[in-house]
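Peer 1: These are the residues of each chain, in order.
There are 2 protein chains.
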Amino acid sequence: MTNPMEFKLDTRLWSNKARNLNPYVPGEQPKHDNLCKLNTNENPFPPSAKVAEAISAALADQAQALRLYPAPESDDLRQALANAYQLDINQVFVGNGSDEVLALVFASFFMKERPLLAPDISYSFYPVYADTFGVELVNIPLREDFSIETNDYRQPCSGIIIANPNAPTGIILSLDAISKLANEHPNAVIVIDEAYIDFAKPESGEAVSAVSLINEHDNLLVTQTFSKSRSLAGLRVGMAFGNPSLIEALTRMKNSFNSYPLDRLAQAGALASVQDTAYFKQVCEQVIELREQLIEQLTSLGFDVLPSQANFVFARPAQGNASEVAQQLREQGIIVRYFSQPRIDEYLRITVGTAEQNQRLITALTELGA
Amino acid sequence: MTNPMEFKLDTRLWSNKARNLNPYVPGEQPKHDNLCKLNTNENPFPPSAKVAEAISAALADQAQALRLYPAPESDDLRQALANAYQLDINQVFVGNGSDEVLALVFASFFMKERPLLAPDISYSFYPVYADTFGVELVNIPLREDFSIETNDYRQPCSGIIIANPNAPTGIILSLDAISKLANEHPNAVIVIDEAYIDFAKPESGEAVSAVSLINEHDNLLVTQTFSKSRSLAGLRVGMAFGNPSLIEALTRMKNSFNSYPLDRLAQAGALASVQDTAYFKQVCEQVIELREQLIEQLTSLGFDVLPSQANFVFARPAQGNASEVAQQLREQGIIVRYFSQPRIDEYLRITVGTAEQNQRLITALTELGA
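Taken in order, these protein sequences are the chains called A and B.
Residue numbers for the first sequence follow the numbering used here, beginning at 693 and rising by one.
Residue numbers for the second sequence follow the numbering used here, beginning at 693 and rising by one.
Chain A on its own, in the form it takes in the complex:
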């Protein structure tokens, strides 16, 4: 019973939908401990200590015992998020990771006759969702420098989805540009996927998150996640912010798939994380500082590094091809992500690690002469 049984795949009983899927392939989650894992953009720092405290308390609390169903709409967590982001609870939706939130977004807003627009280089789950929900996806090429030009999006559409900062480039789009998109497409839902926004460094203290715009634009939806800046990839919590009618659509869609996506411990842990603002800010600042150092070091080694505002950098080795460099790093126990895809196949996406991990990477690259 320990080895997977050999079997001949038989799709006879599958729906056409199942047969035609192109599932998402997540970054590898290797089990070895001694690896320097810089491939899936996890935070190098642990979550707030308050998270484990809150989870332990929820575990111990009789009235909150695991035998009972969780709050189906995660009210306490949503209220805490509303407080933290100066919103109303009706402007907040939460789900089982931002991936689940995005799936519900596609079903709620993009299953329409007009196509969805997205950058050609972006989060690789978007085309998967488009397939899953039968949504026509039109890829808008990034400019030569990998930037997004809003004028390229002037065409009829059901919606636009943009990761901001974009992945895997790390490049950020300004709030002015986002406002422009929302204004120019009043009948489309503009989704800004801010998985990495908390690592963006505001210039002269200005806001970088489009959450600050949602009261101005009823067609703007912003998604975020606890997986990156809050160091809780293992807890599966994501959220969306938008006007109450958009949130209501997501809620109904959720309750037509799965009523209780967030377990009791995830709700308790995420709530504690939201409330520990000081720790959150400190971790983000540390990651930003480490990113800046990493960019400097990679640049010194001759890498072409895109101007990242995320917790990863997208960098082209001066010598040797990126695929080979990734392989050589792997042999030394350092895992980075390589995408075998036109336009970006000369780049590596490298998660910002701890100072020690980053140094280990730089030392290895120096020795490789990459």
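Derived by calculation from the structure, the hints in this document are not laboratory data.
Each hint should be verified, as a subset may be incorrect.
All copies of an identical chain are treated as equivalent in the list; a pair is satisfied when it fits inside any one copy or across any two copies.
Said to hold, decoys possible - 30 Å max Cα-Cα, derived DSSO-like pairs, lysine-lysine:
#: 1; residue 1: Lys700; residue 2: Lys973
#: 2; residue 1: Lys804; residue 2: Lys700
#: 3; residue 1: Lys723; residue 2: Lys742
#: 4; residue 1: Lys804; residue 2: Lys973
What you are looking at is a predicted structure, and each value in this text was computed from that prediction instead of being measured.
Once you have looked at the hints, place chain B on chain A.
Peer 2: Relative to chain A, chain B alone:
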């Protein structure tokens, strides 16, 4: 920011899919502590103490810290389930509660031209999924005594879904009948939703779960949940057992919606629960005993009680209508479930509670003269 903002619902930006949904309405999850909550079929006993131990260990373990993504396919948990049920890991799928598993089942196997067949009285999420995935659902009436007659299912279909024991009746279908369905519909997927199967009392030691049949029928899929018999409704873990080609379809569908549905703590807790067989058996036996007592007491009060093999009973009060009785119980802090639906609107679905809770119910009903 504490009171929900008033808003006028505007569905202009919604997909038709979103506009036409009829979301599932879960049983109420009241927040008051002193309620006698017999409305959502939770287990009256806590989960195995090993669950909290395992979760605490996962919380404390640096290599398993929450900052890292969980195992996307929950390999360790699936292997533990395979061991416990004498299956191969490739015959096991897990998801975020059996509700999520069922959603993926509908998308994988029932999105076809032929209709899906299900009993007219059954789990009320089935018609919701049918709506969500555009599946034509043909309701096959239960017989007068609320039993399922397999001959009624002799018609072309993409699949058949049956909750066994059925909800809200609690009545069980024999394995012979299930084998017959699987044999008579070789091109349809037969889904047996065994949310409550562990509370079924085998006659003369024979198996009651259709898991024992999956090696015989490649078109048989069995779903189960940790929410009932394992007292983990708050942890959101469900599973499906079937031949590897069916499991592969579910896996691909999952990876087209959400790659990491089970967080680290849910995986760790569920694994510990599976491994504590002794506690699991003991709790199931206790609930079965309490159910038998409750049936006896309700019958003595003149209730017509269906022959339940689940952790709830479906009972018709001798006097007064069921809706009124439910309301009167609520005024005394006892919550049971009432379905305002043809054929069953004279019944109450009452979860088996602890001995104390059941006594509180019986006392209240006696005083009401219901």
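Peer 1: Give a verdict on every hint.
Peer 2: Tested hints:
Within a single copy, lysine 700 and lysine 973 get their C-alpha atoms no closer than 51 Å, and across copies no closer than 36 Å, so neither meets the 30 Å cut-off. Taking the closest pair of Cα atoms, lysine 804 and lysine 700 come within 30 Å of each other only across two copies (23 Å); inside a single copy the shortest separation is 37 Å, beyond that limit. Within a single copy, lysine 723 and lysine 742 get their C-alpha atoms as close as 27 Å, and across copies as close as 24 Å, so both meet the 30 Å cut-off. Within a single copy, lysine 804 and lysine 973 get their C-alpha atoms no closer than 39 Å, and across copies no closer than 50 Å, so neither meets the 30 Å cut-off.
Comparing the model with each numbered hint stated earlier shows that hints 1, 4 do not hold.
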